[in-house]
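Could you build the full structure based on these sequences and the hints that come with them?
As they're listed, the protein sequences go chains A and B. Every letter in the first sequence is one number past the one before it in this note's numbering, and letter 288, counting from 1, is 288. Every letter in the second sequence is one number past the one before it in this note's numbering, and letter 108, counting from 1, is 1108.
If you're looking for bench data, these hints aren't it; they were derived computationally from the structure. Please note that a few of the clues may not be correct.
Said to hold, decoys possible - DSBU-like, lysine-lysine: derived pairs with alpha carbons at most 35 Å apart:
(1) K298/A x K1122/B
(2) K303/A x K373/A
(3) K333/A x K300/A
(4) K303/A x K1122/B
(5) K1137/B x K298/A
(6) K334/A x K32/A
(7) K1137/B x K176/A
(8) K295/A x K387/A
(9) K300/A x K1122/B
(10) K1137/B x K169/A
(11) K32/A x K373/A
(12) K1137/B x K387/A
(13) K1122/B x K373/A
(14) K176/A x K1101/B
(15) K1137/B x K300/A
(16) K168/A x K249/A
(17) K300/A x K334/A
(18) K295/A x K373/A
(19) K348/A x K298/A
(20) K66/A x K333/A
(21) K1122/B x K32/A
(22) K289/A x K342/A
(23) K1122/B x K1137/B
(24) K1137/B x K384/A
(25) K387/A x K169/A
(26) K176/A x K373/A
(27) K193/A x K366/A
(28) K348/A x K366/A
(29) K1137/B x K249/A
(30) K387/A x K193/A
(31) K303/A x K1137/B
(32) K169/A x K366/A
(33) K295/A x K1122/B
(34) K300/A x K289/A
(35) K1137/B x K295/A
(36) K1122/B x K249/A
(37) K373/A x K1137/B
(38) K348/A x K333/A
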Amino acid sequence: MAQLPEEVFMKRMILTALVLVAAMGLNAQVIKIATQSPLSGGQSAFGEQLKLGAQYAVEEAQANFKKLGFDLQLTPYDDQANPDTGVSNANRIINDPDIVGVVGHFNSGVAIPSSEVYKTVNLVMVSPANTNPRVTDRLLANVNRICGRDDVQGPAGAAFAVNELKAKKIFVLNDKSAYGQGLAQAFKDAAVKLGASIPDSAFVGTEEKTNFIPIITQVLAFNPELVYFGGTYDQIGPFTKQLRERGVKTPILGGDGLDSGDYINLAGAANATNTYYTTVAGPVSSFPKAAALAKGFKAKFGKDLEGFGIYSYDSAKIILNALEAAIKANGGKKPSRDAVTKAVRSIKYDGLTGLVTFDSKGDIAKADYFILKYDAAGVYANNKVIKSVSVDAPAAPKS
Amino acid sequence: MLLLLPQVLFDGLLLGFVYAMIALGYTMVYGVLELINFAHSEIFMIGSVVGIEVFRSLTGYVPNPYILLVVAVILGGLISGLTAVGVERLAYRPLRKRGTKNRLVPLITAFGVSFVLQDLVKLLEGLWHNEFFLSMKNVGELEQSVTLFGIFIQYKSFILIGVSLVMLGALTWLVGRTRLGLAIRSVAQDPSTAGLMGIDPEKIISRTFLIGGALGGVAGVLFALQYTTVSPYVGFLPGIKAFTAAVLGGIGNIPGAVVGGLVLGEIETLAGTFLPVLTGGAFGTEYKDVLAFLILILLLLFRPQGLLGQIVKEKV
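And the structure:
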């Protein structure tokens, strides 16, 4: 039978309501920034800083993007410091069309294979923390970093070790990862050029995480003036503890992998004091512009802001600024990933960490390197900056 | 460098005792079930985590580290032993009841249990303390040291050797001189005939898991005390090495497990210390594991029954 007027009216009302709701949904387009970092496992302290720094920047910018008609979101991923996990996450990331940029990774060994996946769709990656030269030496258009490189960090450490710590005999350890071994090799080559003595038997690689006694015995036999360890705090911490328990007072020098409050937890406050480290992410105290961020960070997340959190914040801001420019260039519509990638590479951004421009391979044109010493009282925030230098990015390798 | 040899030999002894106690768990279970209980490495890990938590949580109530150590050893052994019994009931017994003849099935189950235990502990520690690496603290006097004959020995090392010897002695007495030990040996030899003699094989199997698990747990506590840092995945490598040690000594053979553990601990420490120096850096410290496994392969090629094992001829 024919429909009653009331039924027709109800149907038309429901249809109109549905169209309005759909229109509202369509109006607020979703744009996402992804992060990939180790959120579980031994290096989660770093991974959390990376995620939270980006999260702060994204949440700060949400109101602005809402005005442009976009619902800005952060999607964090846990790469577990494992290349396989990073790559499988990367495949999920590239298949989510709303993701226009990635802040990550923390580990160079994970960043390198994952960025190959991002490259297939020209998805931009801005790294706050990857230091291995190969990350950008591959000359990919979508890979950028705002921190320094190990082929500068290593020699900076070597210069400090030989010239300032006056160390002639150095025992060099590495953790056999892309990062640790690369950094230790760069250190060794530079130190030997400056006159230090590092025979092949004193260049030791190990993945050992608990029983360092055989290595410590070697250190005792070699009797060095300095121990250099290219690795991360989850390994160097227990190593330091066992070294000091044996009564070895030799100072320890490491790279940015040592830069974490958790190092003091694992080594013990008293044991951590004679440890120096170079880093590409300066402490909060070196960046006066970051004071406001530090306060807001602590209030929002209940954790102290550390160096990599600031760099992650800046990385996210760079992607967001490039995104905004790309949206405007696209007449207010969602831009393509290519557009965002191009906009990031050509950006000029004055961030909390300084002025950021990228060279032709994605390295920051001028990076800062810091040398710090662990605080005598075991308070991480009071680690003293001994020296900081600004160095131009090395040139692209001759292919 | 050679002047350090006594020190290296002593350090190898410490590691060797840890491996020996873990190896006993593998060998005893293999003896009664012909099953390689790969979850045993996680039983060891649970013991080490219990050890750290005892020292962390009870130090407010009991400031004396020696008493804390006794509590840790007892609790570690108990919790690990009970976990092992639980694993046997939940994972291996149902497979036996089903009559699975294929020995790969319980083996793969053991791997699965291993993964479950690792991630369970990781979850628990993550929720409770938000930590992945656990650091042994509050041991006070136990970390102090003396130097005897040029060898640096910490109090906790004396304790490790002492407790290990006591546990090994107790086990030898248990297996050799008690009715329970007799029952275990008979079930290991022939379960159905043992059943005819009035022994309940299932009960004995449970008890074997309890004893083996307890030994692994105590090894874990001592390991955590000696090497200070553990994580949920710390059991994996010592577990494989201890299994290697059990095979080295003759799988199923209890003194063999001890001999295998000590030998492997010494080889690993000697190789780890001297390989770089002896080979001019060509072979680094990490090759110590390769050397240990190489020796196992060579031994199995030329003496498959292990150092102390006997070839059992099957009569048809």
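Inset, instruction - Tell me, in ascending order, the numbers of any earlier hints that this structure violates. - result: Hints 11 and 14 are the ones this structure does not satisfy, whereas the remaining hints hold.
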